[in-house]
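Please build the complex by placing chain B on the supplied structure of chain A, with the hints as guidance.
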Amino acid sequence: MVTPLGPDLDSFWSGLLGGGGDALTAIERFRTDDLRVGRGGEIKKIPAVASGIRSRAVALLVAAAADLRSRARLGAAPERIAVVVGTALGGVEELEHALAEDRTPRRAFDALYDAPAHALAEWLGARGPALTVSAACASGATALGVGADLLREGAADLVVAGGYDVLCRFVLRGFDALRSLTRERVRPFDRRRSGLLLGEAAGLVLLARERDVRGPRLGRLLGHGSASDASHVAAPDPEGRGLAAAIRAALSAADVGGGDIDFVSAHGTGTPLNDRIETAVLRRALGPRAEAIPVNSIKGALGHTMGAAAALEAIMCWLAAREGLIPPTAGLEEPDPLCDLDYVPGTCRAARPRLMLSTSLGFGGCNAALVLEAA
Amino acid sequence: MAAAKVGVRVESVGILTGWGRGTGALPPDARMAAAGRAVLPLARPALEGERFRRATRECLLGVEAVSAMLAEAGLERAAIRGEGTALLFVTAGAYGPSNVGFIGARSGTLHFPYTAPSALSGEVAIEFGLTGAYVILVGGAPATIDALWQAGLLLAQGRCERALVLVIEVFEDCEALWRRARWTLPAPLVETAACALLTRGDSPAVYGALGGGAGPLETAVEARAGRTLAAAPLVALALARAAGEPAARLTGSWRGRRASIELAVAGAPARV
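Just so you know, the protein sequences line up as chains A and B, in that order.
Position in the first sequence (first residue = 1) + 88 = our numbering.
Position in the second sequence (first residue = 1) + 40 = our numbering.
These are calculated hints, taken from the structure and not from any lab test.
Every value quoted in this text rests on a predicted model; they were computed, and no experiment measured them.
Heads up, the beta-carbon is just placed ideally off N, CA and C, and yes, glycines get one too.
Where hints are given, some of them may not hold.
[Stated by the list, open to error] Chain B stretches covered by chain A per the calculated footprint, using a threshold of three residues with CB under 8 Å from any CB of chain A: (1) 120-132; (2) 157-163; (3) 186-199.
Here chain B stands alone, though its shape is the one from the complex:
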């Protein structure tokens, strides 16, 4: 299997899950801690401002995830503003609530643009003034691994100075639909919003489209966080960073396909 190599380094990861903020909130055993609950939801963030009054919960979670990443890195908003920051957004189904709401006429017809996955990253781009390149992928954990790899490419090719990989997964509003897939996706489904900040690094990222079996981090994320779908690789990155690991090998599968990537993880304060 051929692998693509680009120099990339993970500077910071911010995560919010249905368990709470950061990896410290994750229980040792998600299934046991869920105590039969099918979905662990995230509360709608209480963000101030007229623009946020009509924003969807998913959009607000995206904003919160980026804020959490900035706090983790000790960075101000100005550090990511402008054309130098690429935004790579991934989700398996965060567009679901707005789609279901629009079909069921629960949301107003003018809400239609928010049915697009790009509306979620669009709101985040507006909030933080991100005017650089973007990639928006839909899928499970392999899509996030693809996005991390794409971020590395954008950095290596000089198409950005830094890249944000943002993942939002929500389940509560469409729980009945997700429960139909409970044999494929056993509980608990854990809502997650996560953002990683990547910069150029010395160590090449090693990407594989087939990737072999589940790595230790993938197993650990599923055990501790539960099912977070596309967010799982970022939760894995956060766990690796919290453990002081210099590098992380991320793996993930979805619809019978696997992907993997190895990334350098910074332990020191972010340099952007």
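Excised from the complex, chain A in its bound form:
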């Protein structure tokens, strides 16, 4: 992976554990002087393996894929390797260039949202299905779920799955206009929370059927679920009905109950509305044990990485299980009485969860959930 915390998985993990700080800085790559907010989780240096790639989205994916390949072998025939990536923005930054200075056919074609996934497949030499999931900020979760389906049904033997998105002027201007961005620190579930900050990242995992795994594995994906709010294009359902349905579907697919969950990675954007709704939904979904189950959000540390977020959060869950440490919710200092679950403030917590739940929401009323298991 590549994140604002660093160029690989190790820097991601150490950054999350590192004392509750964040990687949210002044944006340097494009102008922000006409916007309310000019900070975010910007990756300052693209890893060398991807430094010559024109499209930043492709560069992030290739950097993440290179990190993945340094840890896992793609041991299958090329036509049996699939790529499934989630994104909220795809190649939209290429569209900005296509409309401005670059009138070439290539730039126009690269502006389509599925272009980076195909470029990744080409870089990997993967010739199986190459899918782009675009369910806004829930994209990464659905991509992992679709990837698992491809394996389960025999349409592929290996799937490189995950999510990515680029912090570009297009998206910063959009969230800025919606007044969703905070001028303060991102504080998920905190009484003083006032909004989110955006980040950019790419996170990929290699999915394989259990019987085909030869080496050590990071963890298992037991189930995924999704549900539409059918309520509003830009705001979550006030009762969180879609999120609740997605969680139920994921738990059902995993054949576990809410009370079996040991740890939750929440969407936790740090907006007043999201965190309150999510708390209420989790309380209902987790049942009587809800207050005893640790929950965190990593968006205070690296910002909301949109299409990458759910993939990063799934990886964080598996690492937490492997390392016996749950990263803190950076920015959470004064708990909100309306967000009254165990949101792991301050420093990381020693715990070794076995079953984990990850939740995601996005524009268009998209809600997704993953149930994950330790290796």
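Using the frame of chain A, we list chain B on its own:
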């Protein structure tokens, strides 16, 4: 090549193209009928209601496509409302107009959420009360074939009772951009909004990620409809259904990749 098998049946298909409504509007030769026009546009549907006043043309076309499917099936809206209906939305570029409008500041900044592909399916979900599972894929015809296969999986796994596969392709607002790719996508580009209703069936769908060459339906769609990108497999389904075929083998290619799927097609009234 391994193939995945799930039981699925196509109950109904509604299509709107730049040629008109349904397969009956398709000319015998799209290129000749286009008479040099690069894009065959779809008009903005005249839907009533305050909510639709600010909706994008693409969103309204999605609503119209679902309505066309319901009319074709002889179903009321209530038949698809609720958690039992999954919505699978596919497009290659229907998010383009809102993206270009936002970049060029032609649309208001509060229009930003509509730049997301999920806003299109979100509006359709709101209109018809679809609160079930969803999948949103971006790509060409293979992405729609993937979506049809995913719909079959959702049905087979009991994650829905019925599935809608919705495709919207629009070109008019971004014609200059699409024209840059005219060597890859020769004219005419034909705007299309299409929706298929799938239910559980006895016949397994056979999905292939490589798929071989272009099948007869793919060839027929290109000849009669022109370039409809991700919508082509649904136009093919509609043609197969209109011809009374019991099954359809759909093929499609995009960015050098191919996919195929074989599906049972219902000729009788829909049972949902």
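*Where does the structure disagree with the numbered hints, that is, which hint numbers, in rising order?*
The structure conflicts with no hint, since it agrees with every one listed earlier.
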